[in-house]
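As you go down the protein sequences, you meet chains A and B in turn. The opening position of the first sequence corresponds to residue 0 in numbering that gives the first Met the number 0, with each subsequent residue numbered one higher. The opening position of the second sequence corresponds to residue 0 in numbering that gives the first Met the number 0, with each subsequent residue numbered one higher.
Rough simulated footprint, nothing fancy, chain A against chain B, three-plus residues with beta-carbon under 8 Å: (1) 88–94; (2) 101–107.
Derived DSS-like pairs: lysine-lysine, alpha-carbon spacing no greater than 25 Å straight-line: (3) A:Lys47 to B:Lys107; (4) B:Lys107 to A:Lys32; (5) B:Lys129 to B:Lys10; (6) A:Lys47 to A:Lys121.
Keep in mind the hints are simulated off the structure, nothing from the lab. Quick caveat, the model's predicted, so the values are computed rather than measured. Yeah, the Cβ is synthetic: ideal placement off N, Cα and C, and Gly gets one too.
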Amino acid sequence: MGAIGGCLLFLVLIAVFAAIWAIWRYNNLVSLKYQVGNAWKQIDVQLKRRHDLIPNLIAAVRGEMQFEQDTLEKVIAARNSAVAARGVAETAEKENVLTQTLSRLFALAENYPNLKANESVKTLMEELTSTENKIGFARQYYNDVATRFNTAQNVFPDSLIAQAFKFQTVELYEITEPAEREVPKVDLNVRPQ
Amino acid sequence: MAAANLFEQQKKNLRRTSEILVGFVAFLAFLGIGADFFLYASGAGPGFPIATVGALLFGAGSSLWALKAGDRAVLESANAVPIDRAEPRQQVLDNVVEEMAIAGGLPKPAVYVIPDSDPNAFATGSGPEKSSIAVTSGLLDSLNREELQAVVSHEMAHVRNYDVRLMTVVAALVGSVLLISDWGRRGIGWGGRRRSSRAGGGGIFLLVFFVLWIVSLVLAPLIARLVAMAVSREREYLADASGSELTRNPLALASALEKIDAAVAPTPSIKQGVAHLCIEDPRGRVANEREGGWAELFATHPPIAKRIALLREMAYQRGRTE
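Using the sequences and the hints given, assemble the complete structure.
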């Protein structure tokens, strides 16, 4: 075999290794993409469960909490707009509002000893508390996997594969606390009299 | 800092796992080879290394059996019963386990309750696809929801880190070493009476080998147990750390450990063979109280005060970075 043959063999070997590397990294990205999809589905399952539990809870506490109509209506409204939400960002925002109205309801329910003694209400409360936690943990897991997916697409040299096959970064499920985002309103018109 | 540390620890964990398994296999082979030499020298051997092959097959067989059916045996020995969702506390436990499975992105393990008033918990199984978590009724009674979640996260970390698989295999190998060394000691008594047929050929090397073999035969049970305990101790810190990764709440685990520690009594339902799987040593506190030296060598768990201190440290670090 001559020098040219040696060179050729060398080039072929490099090409083979490059191809193997590309396949390996591509598969890694695909696997992460599916993990992200699966993690999102986990959140979805729990959100759906929360949507199903809320009407039951409202029905169970309505008689006792008739002076809290306002809060109950707010929970129902928040639930309905959360059910209608589509996409990561909108879902995150609407669900967040629902979480807050629900925690308000839970806090108020503390004032009703009859509710706290009621077995079926207690069971519903525990299921909702657990669902809240599951949503939180599913979100935590989704964000971890999504961050890994996004990072894998942006680090060199994997970014070459990601661009070649048009992988797209995914949105994280952000919790935005409206209270934290809002600029505090300061009334400057108040003057000492 | 915590995340990088955890990754490093997980890598070290995996490396240690293979080292330990290789060590156990070598030890079993050594016991077998010695027996084969002994048989050969006494003229009773069948002509191929039957004891070596036998010891290795026995070790492999009992490990495989343990992976297949060991979890059921462990659960039965602890009188664990499947949970009953109609009971409010057990409903909470079931929910908490599902929450932690979601946090770890794992399938949900089977959940059991052990009717025992001492607070304790353990995980068993062969990996994330097949695992069980058992909790004593005493634990359900004494912890609040957050603390229960922390304990379950610790057990879930054992599942996720494949500690359950390693500990199952190590327990099976320890059992094999105990049995085989016992047979070996009996064999010496039997063979000693009829030696001398082919003896005198090997010289000083063989003599040294025999002495070494007999010493390790005698010490085998002790060595095997010490290794199992060392493996178990190491994994507790890691499970504390990666469990807190799931809950993001190291302080809850610290306060759960404090409550578990305060219940001094041993957990009678949990047999000694399961000790290395538990969140805290079921034999009571004595062995795990002191740090360093001999006391730590014979404990399945690191000193609880040290674990609590490390968890507090973790909480402090988190507080600073957030």
